[in-house]
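Residue numbers (the working numbering), protein chains in the order written: chain Y, 140 to 346; chain E, 140 to 346.
I should point out that these hints are in silico values taken from the structure, not numbers from a laboratory. Mixed in with the good hints there might be a few duds.
Computed list of lysine-lysine pairs in DSS-like fashion (alpha-carbon distance at most 25 angstroms, straight line) [said to hold, decoys possible]:
{"#": "1", "chain 1": "Y", "residue 1": "Lys236", "chain 2": "Y", "residue 2": "Lys254"}
{"#": "2", "chain 1": "E", "residue 1": "Lys322", "chain 2": "Y", "residue 2": "Lys322"}
{"#": "3", "chain 1": "E", "residue 1": "Lys331", "chain 2": "Y", "residue 2": "Lys322"}
{"#": "4", "chain 1": "E", "residue 1": "Lys254", "chain 2": "E", "residue 2": "Lys322"}
{"#": "5", "chain 1": "E", "residue 1": "Lys296", "chain 2": "Y", "residue 2": "Lys331"}
{"#": "6", "chain 1": "Y", "residue 1": "Lys198", "chain 2": "Y", "residue 2": "Lys208"}
{"#": "7", "chain 1": "Y", "residue 1": "Lys331", "chain 2": "E", "residue 2": "Lys331"}
{"#": "8", "chain 1": "E", "residue 1": "Lys256", "chain 2": "Y", "residue 2": "Lys331"}
{"#": "9", "chain 1": "Y", "residue 1": "Lys256", "chain 2": "E", "residue 2": "Lys331"}
{"#": "10", "chain 1": "Y", "residue 1": "Lys331", "chain 2": "E", "residue 2": "Lys254"}
{"#": "11", "chain 1": "E", "residue 1": "Lys322", "chain 2": "Y", "residue 2": "Lys331"}
{"#": "12", "chain 1": "E", "residue 1": "Lys208", "chain 2": "E", "residue 2": "Lys254"}
{"#": "13", "chain 1": "Y", "residue 1": "Lys296", "chain 2": "E", "residue 2": "Lys331"}
{"#": "14", "chain 1": "Y", "residue 1": "Lys296", "chain 2": "Y", "residue 2": "Lys254"}
{"#": "15", "chain 1": "E", "residue 1": "Lys208", "chain 2": "E", "residue 2": "Lys281"}
{"#": "16", "chain 1": "Y", "residue 1": "Lys254", "chain 2": "E", "residue 2": "Lys331"}
2 protein chains.
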Amino acid sequence: MRTTDSRGVLMVVSGPAGVGKGTICDEVARMMPDVFLSVSATSRPPRKGEIDGVHYFFKTTSEFEEMIKNGELLEYNRYVNGNYYGTPAAPCDEHIKNGDSVILEIDVEGGRQVKQKRPRTVMVFVVPPTFCELERRLRGRKTETEEDILSRLERAKVEFNLASDYDYIVVNDTVENAAEKIKAIIEAEKCKTLRCLDFICRHITDE
Amino acid sequence: MRTTDSRGVLMVVSGPAGVGKGTICDEVARMMPDVFLSVSATSRPPRKGEIDGVHYFFKTTSEFEEMIKNGELLEYNRYVNGNYYGTPAAPCDEHIKNGDSVILEIDVEGGRQVKQKRPRTVMVFVVPPTFCELERRLRGRKTETEEDILSRLERAKVEFNLASDYDYIVVNDTVENAAEKIKAIIEAEKCKTLRCLDFICRHITDE
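Let's have the full structure, built from the sequences with the hints guiding it.
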């Protein structure tokens, strides 16, 4: 039963590489059937096993640039290797309109772009319980060189300074705790007075 | 484990008479062992079975007026019958300092006073799913005269207009749903960036 605002919550989840954003967001989507994870668009070619519309929306570079021109992206970025990555607006807006919520797992710069285009976006920054823990997790992935790890740790320090622009900070002590906190934030945001005043006017004071 | 701000949340819960605030707050306290319901002070004499410090802190009129003079109350009010009712600050502040959260179930005027004294107070307004439902509940209590009921309904309409000053609106469709929403609000509020920045500075960037 939808008792208040019938629109869902658009949420950006950012945080340093290695903090576990992906695992947490997957857990939130598993717990909440009305929460969807946004699928990014990219101009890089699909890897073996990747499915269009599931892992990414695969676009050619000129298709991607057409989307940019038409304002069809909530945010985008071109990586140093020349590949574009971005968030198509239409699937997100459709979910939100239907009352479902959408999580965008994107970086701080992408988050800034989304907030500008959709000012009611709820901004969540995930942090590790300690900086040492982040280093441990990055080394545990065993996919990066020592140089990569040090550069990611440097980048994390810069990103922490940007966390103050976010609405909420979630400490990833365990995946379950962090996912429960994000679930609570989505539920609480739906009760925000600004979202509910329409409901009150419609259903209560006008008997 | 306290991973973020170690201070609890001070929450005001208001709403029209008959909306079920008391039942909801009892349920929240039952679900969350670190949430306490504030005990009011009053200058009215104890009724049979009422225990000092449990149902109320019973004070004489002059003791109560001394508390007002010393600024020991977060809010107070004198009813038409001459009895004082109010919220002693010390027990609330002590719980909050210990990391526990405190719910004050008080009216809109009391809520306004608390917000002024403690600006970080989280303000929650409980509404019935429809105005008809409120009328049904008030009549169901069978404790009030027809005149009382009509005057309470009139008062509810006035109070709804004040709901826009509150941070959150919780629709009491069922006690369980409403209590879950208040639980989510307390958990989300603990993740608010303003409460967590100290933690970030202490535990993360200063390794």
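Going through the hints against the structure:
For a cut-off of 25 angstroms, the pair hint linking Lys236 of chain Y to Lys254 of chain Y stands: about 17 angstroms separates their Cα positions. Simply put, Lys322 of chain E and Lys322 of chain Y have alpha-carbon atoms about 11 angstroms apart, close enough for the 25 angstroms limit, and the pair holds. About 14 angstroms separates the Cα atoms of Lys331 of chain E and Lys322 of chain Y, which keeps this hinted pair within 25 angstroms; it holds. About 20 angstroms separates the Cα atoms of Lys254 of chain E and Lys322 of chain E, which keeps this hinted pair within 25 angstroms; it holds.
Note on Lys296 of chain E and Lys331 of chain Y: the hinted pairing holds, with a Cα-Cα distance of about 20 angstroms set against a maximum of 25 angstroms. Distance check on the hinted pair: Lys198 of chain Y and Lys208 of chain Y sit about 14 angstroms apart at the alpha-carbon level, within 25 angstroms; holds. Our distance criterion of 25 angstroms between C-alpha atoms is met by Lys331 of chain Y and Lys331 of chain E, whose separation comes to about 14 angstroms. For a cut-off of 25 angstroms, the pair hint linking Lys256 of chain E to Lys331 of chain Y stands: about 22 angstroms separates their Cα positions.
Taking the CA atoms of Lys256 of chain Y and Lys331 of chain E, the gap is near 22 angstroms; set against the 25 angstroms cutoff, the hint holds. At most 25 angstroms may separate the alpha-carbon atoms for a hinted pair to count; Lys331 of chain Y and Lys254 of chain E meet this at roughly 17 angstroms. Using a Cα cut-off of 25 angstroms, the hinted pair Lys322 of chain E and Lys331 of chain Y holds, with the two alpha carbons roughly 14 angstroms apart. For a cut-off of 25 angstroms, the pair hint linking Lys208 of chain E to Lys254 of chain E stands: about 19 angstroms separates their Cα positions.
For the hint pairing Lys296 of chain Y with Lys331 of chain E, the CA-to-CA distance comes to about 20 angstroms; that is within 25 angstroms, so the pair holds. With a C-alpha separation of about 22 angstroms, the suggested pair Lys296 of chain Y and Lys254 of chain Y falls inside the 25 angstroms cut-off, and the hint holds. The straight-line distance between the Cα atoms of Lys208 of chain E and Lys281 of chain E is roughly 39 angstroms, outside the 25 angstroms bound, and the hint therefore fails. Proximity of Lys254 of chain Y to Lys331 of chain E is assessed by CA-CA distance (about 17 angstroms); at most 25 angstroms being required, the pair is judged to hold.
In this structure, the one hint that does not hold is number 15.
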